[in-house]
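**Q** Sequence lines, in order, name chains A and B.
In case it helps, our numbering puts the first sequence at residues 1 to 184.
In case it helps, our numbering puts the second sequence at residues 1001 to 1219.
Hints are supplied without guarantee of correctness; some may be wrong.
[As the list claims (entries may be wrong)] Pairs of lysine to aspartate or glutamate, DMTMM-like flavour, derived with a Cα cap of 25 Å:
no., chain 1, residue 1, chain 2, residue 2
1, B, Lys1099, A, Glu5
2, A, Lys12, B, Asp1197
3, B, Lys1071, A, Glu11
4, B, Lys1106, B, Glu1208
5, B, Lys1071, B, Glu1057
6, A, Lys12, B, Asp1046
7, A, Lys12, B, Glu1029
8, A, Lys12, B, Glu1049
9, B, Lys1205, A, Glu178
10, A, Lys12, A, Glu2
11, A, Lys134, B, Asp1164
12, A, Lys16, A, Glu32
13, A, Lys118, A, Glu7
14, B, Lys1205, B, Asp1111
15, B, Lys1173, B, Glu1195
16, A, Lys12, B, Glu1053
17, A, Lys174, B, Asp1164
18, A, Lys118, A, Glu82
19, B, Lys1099, B, Glu1121
20, A, Lys14, B, Glu1029
[Stated by the list, open to error] If you want the ones that stay clear, here's a sample from chain A, every Cβ over 12 Å from chain B, calculated:
no., residue
21, Leu40
22, Asp64
23, Glu73
Calculated from the structure, these hints are not laboratory results.
Just so you know, even glycine gets a beta-carbon here, dropped at the ideal spot from N, CA and C.
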Amino acid sequence: MEHSEMEFIAEKQKVKIVPNFSMSKIYFISGEVGPFQPGLPTEVPFWLAISLRQRQKCVIHPPDWLTIESLEEIKEAETTTELFTPLPNTHFREMCQLLLTHAKSNIQNADAVRTLVKDIWDIRAAKLRSSSDKFIRVQAGHARIDNLTLMEINIARPFLLASLDHLHTLRTSKLHVERIVPTQ
Amino acid sequence: MDDTLDISGVSEEGEEQITSEQVFQQLEEIWVNERLSPNLMLCRTDITECILEQMQEMEENIARAKKTDLKVSLHQLELDRIRYVLSSYLRCRLEKIEKHAAYLIKKESSDGPSVSRLSPEEFMFAKELTSGVTSHLTASALKHMPKNLQTLNLEDSGKVPNLDHYVFLRVNKAEEGIIVDCETDVQNEDKIDLEVDAQHIMRYKLIENLVENQTVSLI
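Given the sequences, and given the hints that come with them, work out the whole structure.
**A** If you want it as structure tokens, here you go:
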């Protein structure tokens, strides 16, 4: 799947906004939103928040886990363990990207946050590379990959799945040959 | 005036009432599963028709309402998003049908009416495609060949979906005792228990039934 499709899926997530207009409830096909009162925070899907922000009708409040302290904790945990740590959100990378684009003014030290998110991403990508390498070397038929976000899976997908498929084909054809010509 | 844009958001399916929110949620799930699986998934015309109805209702409401900027454009935005998901889903199914037309037609007639992978329209499409390909191949190549080589068997020579394709999956409901065999010299059969919210990589064939009944979903 494309990165843009992953972002499309991430845009379904709810986020808190503070509107500056008032409106009654809106009944979307994918759920109902509102009512909107100026100054009162309310939860809306992210795609709606982006649209309202672009018309300058609201302010997007970033979630609690997008602060320097919590990101540093995550980075610390990530560097110490060998496995992947659970991240605050399944769409961590996409949400960070979208929030840094659209809610920049509401994030303290946006640049430092951006750097931290990038660091966490790099650490996890390195772990992903080495574990896929190990997986392929061992030629296992199955693996458990908890705590991997969808974006990371999507990036690893083309290479990892194609190589696993090839390995499987090679294994089964080798087995077929060995049945016909049994090894001594 | 604002009322014209309110959809009651409820559709009746037999005895149960399902909200449009749940139908859209289901559409997104089958969209992702369809994109990521190597085989054509079971046909879900119930969901697609329901969503189409909702979209048509919404479009009529928008056309009737005044152009009061904000609400109309927000509804239009959501409509475009839903249309994108639906058309991507249908396009993906058509691609798979184009690739494996003969195989799917054969499976359809052998599996019986309860396990239907092709909707009636898709079945017509597959049939027309195979007959078109057959007549093209016959006219351009086969009829110039010696008489005893003029048979064309598309089902056996055509492309078969690769059910051994590895996929990523997430577990929705717990399931025990999935056999994952390593094809080494010794037939090692490992049994895996699937816990809720765990993520795995394995071959599609092993979990095909579980995807269809939504015990696991592809990611």
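**Q** All hints, please: hold or fail.
**A** Hint by hint, here is what the structure shows:
no. : hint                   : result
1   : Lys1099/B to Glu5/A    : 23 Å, holds
2   : Lys12/A to Asp1197/B   : 20 Å, holds
3   : Lys1071/B to Glu11/A   : 19 Å, holds
4   : Lys1106/B to Glu1208/B : 19 Å, holds
5   : Lys1071/B to Glu1057/B : 16 Å, holds
6   : Lys12/A to Asp1046/B   : 23 Å, holds
7   : Lys12/A to Glu1029/B   : 13 Å, holds
8   : Lys12/A to Glu1049/B   : 22 Å, holds
9   : Lys1205/B to Glu178/A  : 23 Å, holds
10  : Lys12/A to Glu2/A      : 17 Å, holds
11  : Lys134/A to Asp1164/B  : 21 Å, holds
12  : Lys16/A to Glu32/A     : 15 Å, holds
13  : Lys118/A to Glu7/A     : 17 Å, holds
14  : Lys1205/B to Asp1111/B : 17 Å, holds
15  : Lys1173/B to Glu1195/B : 7 Å, holds
16  : Lys12/A to Glu1053/B   : 22 Å, holds
17  : Lys174/A to Asp1164/B  : 16 Å, holds
18  : Lys118/A to Glu82/A    : 19 Å, holds
19  : Lys1099/B to Glu1121/B : 17 Å, holds
20  : Lys14/A to Glu1029/B   : 18 Å, holds
21  : Leu40                  : 17 Å, holds
22  : Asp64                  : 22 Å, holds
23  : Glu73                  : 22 Å, holds
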